[in-house]
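So the chains spell out like this:
There are 2 protein chains.
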Amino acid sequence: MADSNQGTGLQLRSLVKAGGELELSLAKVPIPQPAEDEVLVRVEASPINPSDLGLLLGPADLSTAEVRGVGEDTVVTARIPPQLMRALAGRVDQSLPVGNEGAGVVVEAGASPQAQALMGKLVAGVPGAMYAQYRAMKAADVLVLPPGATAADGASCFVNPLTALGMVETMRMEGHTALAHTAAASNLGQMLNRICLKDGVELVNIVRSPEQAKLLTDAGAKHVCDSSAPGFIEALIEAFGATGATIAFDAIGGGRLASQILTAMEAAAVRKAGGAFSRYGSTTHKQVYIYGGLDTGPTELMRSFGMAWGLGGWLLTPFLIKIGQAGAARLRQRVADELKTTFASHYTAEISLAEALQPAIMAGYNKRATGEKYLIRPGKA
Amino acid sequence: MADSNQGTGLQLRSLVKAGGELELSLAKVPIPQPAEDEVLVRVEASPINPSDLGLLLGPADLSTAEVRGVGEDTVVTARIPPQLMRALAGRVDQSLPVGNEGAGVVVEAGASPQAQALMGKLVAGVPGAMYAQYRAMKAADVLVLPPGATAADGASCFVNPLTALGMVETMRMEGHTALAHTAAASNLGQMLNRICLKDGVELVNIVRSPEQAKLLTDAGAKHVCDSSAPGFIEALIEAFGATGATIAFDAIGGGRLASQILTAMEAAAVRKAGGAFSRYGSTTHKQVYIYGGLDTGPTELMRSFGMAWGLGGWLLTPFLIKIGQAGAARLRQRVADELKTTFASHYTAEISLAEALQPAIMAGYNKRATGEKYLIRPGKA
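Residue numbers (our numbering), protein chains in the order written: chain A, 43 to 423; chain B, 43 to 423.
Rather than coming from a laboratory, the hints here were simulated on the basis of the structure.
Check before you lean on any hint, since a few could be wrong.
Since the list gives no way to pick out one identical chain from another, each pair is judged satisfied if it fits inside one copy or across any two copies.
What the hints assert, rightly or not - Derived DMTMM-like pairs (lysine to aspartate or glutamate); straight-line CA-CA distance at most 25 Å:
#1 K314 with E380
#2 K314 with D135
#3 K364 with E211
#4 K382 with D337
#5 K364 with E216
#6 K70 with D379
#7 K314 with E244
#8 K409 with D379
Quick caveat: nothing in here was measured; it's all calculated off a predicted structure.
Generate coordinates for the entire structure from the input sequences, incorporating the hints supplied.
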């Protein structure tokens with residue numbers, strides 16, 4: 043505490059240079075002084091989520107990564123394919139901090155009673171710039187972790203939990219009664235499966251391998267469709283018929299999966315109606331939201347699903363704005379209450395800030411492999 | 043009137059046979075007896091809209107068309123490619139009447155005062171099955187044509203006028219302030235241009251040839267972008283920047299045009315904001331509604347437009363249900379008031395029911411060429 047308003051802390055920075063180079067480094071930045079309504083957090087754990095990788099690595103070719111320096115002075119560079127630079131115009135030559143969320147200890151607090159009440163507490167937050175040793179946050183925005191929870195328990199308690207809860211909330215708000223999810227064996231997907239089992243919401247889990255299907259079935263999932271299996275479309279139609287799912291959240295984005303989902307939902311709706319032919323298709327509205335881009339290729343829609351359909355982007359922040367402060371607080375409270383059960387995250391590696399800049403480790407967390415998840419420990423030497 | 047509850051009338055029928063054949067014929071059906079709240083209309087004019095062609099011709103290969111019989115006994119058949127039969131399963135072996143809308147004279151009326159008040163009036167309606175000599179309609183659903191209007195003036199006063207008005211209404215209901223339209227030189231597009239000019243709504247007209255661009259510019263359109271011209275995308279970005287259009291209605295469906303529209307809207311939003319980089323793109327919601335399928339190929343989305351976007355189907359009937367009876371009545375009244383100005387339709391050919399079954403004429407109306415529009419005259423010999 044005493045040294046928090048002097049001294050400096052490390053902060054991971056991502057820089058895209060106009061010449062087509064990505065540079066990651068550790069900046070030594072002054073430890074922030076919390077404003078009246080803020081607290082200063084010593085960050086103890088921050089996860090590498092898929093949603094962090096875009097800002098962290100951009101579309102750099104990691105096979106070209108080169109390191110110079112060691113420890114705090116580590117700098118890693120990698121080439122960015124020239125044709126991909128256009129999309130990065132908005133961030134060129136800006137040294138950007140990274141890391142959406144994390145947890146740590148409040149080591150200093152602003153004068154407000156709300157801030158003062160947090161002194162010494164273990165809290166989590168999602169202010170961005172969390173791949174750092176210190177971060178100031180609004181006292182109103184932090185979540186005090188429940189007794190017995192560690193920083194690792196709370197590090198991922200915003201992005202994935204609120205996204206999974208947001209999917210179920212969106213389902214209800216838009217008048218659907220069951221939902222589907224792709225890349226469903228992900229950390230987020232497992233969480234969504236636990237939420238749906240607990241809440242009695244029917245969920246169609248769409249995965250890409252028998253191993254992922256088994257993981258979910260073992261976790262109690264009732265409806266699992268494996269796109270690598272023969273008869274996938276027929277299995278989808280049956281699962282949509284059995285559950286009535288008419289909304290899906292898609293982490294993949296590219297290819298024909300969204301189109302297949304809409305087509306299978308339409309086929310299930312037509313079977314259920316069993317009625318007269320309409321060349322405009324059923325009147326059942328079918329919705330797919332793309333919230334990730336595991337496949338960055340184009341989305342191809344065959345439009346073989348009538349006229350009552352929608353496809354769109356889905357993002358956590360606008361959703362939280364839409365449900366308002368009270369709605370967001372209700373979801374946050376649920377996350378805190380079920381932190382070690384429904385919303386438990388498991389990490390396969392814990393790394394320091396400097397280790398996050400080592401090419402072999404970068405290749406590991408950039409694989410986005412199901413079941414692998416990295417946790418940055420900014421206090422680790 | 044005297045003979046309307048005896049005798050028969052001709053009704054065009056479209057039949058898809060399980061063997062993969064389309065058959066069009068003229069059925070001799072009993073002239074309907076209007077129910078208490080109905081009127082019987084002697085149909086004088088009914089247009090062939092793009093929205094009629096799907097039901098009328100399906101995906102038949104007209105180059106294989108063969109005719110037998112003449113006059114009222116004309117029957118035309120054509121092959122349907124086997125791979126397209128699956129999508130037609132719902133209509134196989136059903137002899138279906140065709141023709142969404144039209145106008146004619148009330149020759150008999152049910153007992154209700156509302157129906158009786160329509161006796162002898164020239165009315166328009168959109169009950170379906172209008173490629174026929176007689177059609178019973180709900181009295182509450184017909185539009186009495188204004189003095190001086192002919193059946194040809196009123197034949198197309200539902201589908202295109204209400205669709206064009208529905209686009210502007212949808213724009214307002216969803217919080218947008220300007221809109222874009224593709225295949226914008228169509229009969230519908232010209233109507234939309236006149237509505238927007240009259241109402242002071244900014245419209246970006248997207249066309250596919252210099253001739254179509256000239257047609258709209260000559261009609262007073264301010265923003266016309268020709269996808270066949272070099273610099274099309276930049277022209278789109280500038281038009282979206284100038285108008286603030288963030289919603290588009292797309293008649294084409296297939297290919298990359300919807301994606302290009304979203305990308306250009308996003309680029310215009312980013313230029314306007316001129317702010318910090320966000321890898322999730324702007325917060326401006328961009329929407330494209332596909333309401334037609336001039337290109338039946340897949341829709342390809344490059345997803346280079348951030349996360350705040352939507353794509354969906356748009357159809358007139360659910361829109362009219364959404365705005366309710368009062369809303370629909372308001373739009374219908376406007377159509378009646380401006381029938382010979384804003385909502386004027388022009389026909390390039392008038393044909394009898396039997397002529398609609400002649401292959402050379404079928405090829406003509408199936409071209410869906412901009413500026414060509416066919417009117418069926420069921421009373422014509």
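Now for the hints, and whether the structure bears them out:
1. K314 with E380: neither (37 Å within a copy, 43 Å between copies)
2. K314 with D135: Intra 56 Å, inter 21 Å, cutoff 25 Å: inter-copy only.
3. K364 with E211: Both ways: K364 and E211 sit 11 Å apart in one copy and 23 Å across, limit 25 Å.
4. K382 with D337: neither (31 Å within a copy, 52 Å between copies)
5. K364 with E216: Answer is both; intra-copy 13 Å and inter-copy 15 Å each pass.
6. K70 with D379: neither (36 Å within a copy, 72 Å between copies)
7. K314 with E244: Within. Shortest intra-copy distance 17 Å satisfies the 25 Å Cα cut-off; inter-copy 43 Å does not.
8. K409 with D379: neither (32 Å within a copy, 63 Å between copies)
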